[in-house]
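Asker: In our numbering, the protein residues as written are 210 to 284.
Please keep in mind that the hints were generated in silico from the structure rather than gathered at the bench. Being a predicted model, the structure only gives us computed values, none of them experimental. Among the hints, erroneous ones may be present.
Simulated pairs of lysine to any residue, SDA-like, Cα-Cα distance not exceeding 20 Å [what the hints assert, rightly or not]:
#1 Lys-255 - Ala-240
#2 Lys-211 - Leu-231
#3 Lys-255 - Pro-245
#4 Lys-211 - Pro-246
#5 Lys-275 - Asp-265
#6 Lys-255 - Arg-235
#7 Lys-211 - Pro-245
#8 Lys-255 - Ala-277
#9 Lys-211 - Asp-243
#10 Lys-211 - Ala-225
#11 Lys-255 - Lys-275
#12 Lys-275 - Arg-244
#13 Lys-275 - Arg-261
#14 Lys-255 - Ser-221
#15 Lys-255 - Val-276
#16 Lys-211 - Gly-237
#17 Lys-211 - Cys-228
#18 Lys-211 - Arg-244
#19 Lys-211 - Ala-240
#20 Lys-275 - His-257
#21 Lys-211 - Ser-221
#22 Lys-211 - Tyr-239
#23 Lys-255 - Tyr-239
#24 Lys-255 - Gly-237
#25 Lys-255 - Tyr-238
The calculated label-pair distances, taken between Cβ atoms and stated as ranges, are [what the hints assert, rightly or not]:
#26 Leu-230 - Ser-259: 32 to 42 Å
#27 Ala-277 - Gln-232: 19 to 29 Å
#28 Pro-223 - Val-263: 39 to 49 Å
#29 Ala-225 - Lys-275: 41 to 51 Å
#30 Tyr-271 - Ala-225: 24 to 34 Å
#31 Lys-275 - Ser-234: 40 to 50 Å
#32 Lys-275 - Pro-223: 37 to 47 Å
#33 Ala-225 - His-257: 10 to 20 Å
#34 Gly-272 - Ala-225: 40 to 50 Å
#35 Asp-243 - Met-210: 11 to 21 Å
#36 Val-233 - Arg-261: 39 to 49 Å
#37 Ser-236 - Glu-266: 38 to 48 Å
#38 Met-210 - Leu-280: 36 to 46 Å
Just so you know, even glycine gets a beta-carbon here, dropped at the ideal spot from N, CA and C.
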Amino acid sequence: MKYAWITEHRDSFPVALMCQLLQVSRSGYYASVDRPPSRRAERTAKIHQSIRQVFDERHTVYGPAKVAQELAQRE
């Protein structure tokens, strides 16, 4: 979470300063930037994409139960 925040704000603040304030090592931050996403992160991103697609197709009127039902029908 801290690394994601640093990445999001690295154009506004120096990375070294943010790492120091958030008490993380710069080497740890840069290692996380170079690391490929985990299988879990890829799966989560795919699920989020599917939910967003259903949500957009139904013009945002579906709640969580209907979105889950729609996704189950698509499988």
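Asker: State for each hint whether it applies.
Answerer: Hint check:
1. Lys-255 - Ala-240: violated (24 Å)
2. Lys-211 - Leu-231: Answer holds: Lys-211 to Leu-231 is near 7 Å, not above 20 Å.
3. Lys-255 - Pro-245: Distance of about 15 Å is within 20 Å: holds.
4. Lys-211 - Pro-246: holds (16 Å)
5. Lys-275 - Asp-265: holds (13 Å)
6. Lys-255 - Arg-235: violated (30 Å)
7. Lys-211 - Pro-245: holds (17 Å)
8. Lys-255 - Ala-277: At roughly 14 Å apart (the allowed maximum being 20 Å), Ala-277 and Lys-255 satisfy the hint.
9. Lys-211 - Asp-243: holds (15 Å)
10. Lys-211 - Ala-225: holds (13 Å)
11. Lys-255 - Lys-275: Given pair Lys-255, Lys-275 holds - Cα atoms ~18 Å apart, limit 20 Å.
12. Lys-275 - Arg-244: violated (36 Å)
13. Lys-275 - Arg-261: holds (13 Å)
14. Lys-255 - Ser-221: Violated: Lys-255 and Ser-221 sit about 30 Å apart, past 20 Å.
15. Lys-255 - Val-276: holds (15 Å)
16. Lys-211 - Gly-237: holds (11 Å)
17. Lys-211 - Cys-228: Distance ~9 Å between Lys-211 and Cys-228 Cα, so the pair holds.
18. Lys-211 - Arg-244: Measuring from Cα to Cα gives roughly 15 Å; hence the hint holds.
19. Lys-211 - Ala-240: The hint holds at about 13 Å.
20. Lys-275 - His-257: holds (15 Å)
21. Lys-211 - Ser-221: holds (15 Å)
22. Lys-211 - Tyr-239: Measuring from Cα to Cα gives roughly 12 Å; hence the hint holds.
23. Lys-255 - Tyr-239: violated (25 Å)
24. Lys-255 - Gly-237: With a Cα-Cα distance of about 26 Å, the restraint between Lys-255 and Gly-237 is violated, given a limit of 20 Å.
25. Lys-255 - Tyr-238: violated (25 Å)
26. Leu-230 - Ser-259: 32 to 42 Å: holds (37 Å)
27. Ala-277 - Gln-232: 19 to 29 Å: violated (39 Å)
28. Pro-223 - Val-263: 39 to 49 Å: holds (41 Å)
29. Ala-225 - Lys-275: 41 to 51 Å: holds (47 Å)
30. Tyr-271 - Ala-225: 24 to 34 Å: For Ala-225 against Tyr-271, whose Cβ atoms are near 45 Å apart, the range 24 to 34 Å is violated.
31. Lys-275 - Ser-234: 40 to 50 Å: holds (45 Å)
32. Lys-275 - Pro-223: 37 to 47 Å: holds (46 Å)
33. Ala-225 - His-257: 10 to 20 Å: violated (32 Å)
34. Gly-272 - Ala-225: 40 to 50 Å: holds (45 Å)
35. Asp-243 - Met-210: 11 to 21 Å: holds (18 Å)
36. Val-233 - Arg-261: 39 to 49 Å: violated (30 Å)
37. Ser-236 - Glu-266: 38 to 48 Å: holds (44 Å)
38. Met-210 - Leu-280: 36 to 46 Å: Distance hint for Met-210, Leu-280 is violated at roughly 27 Å.
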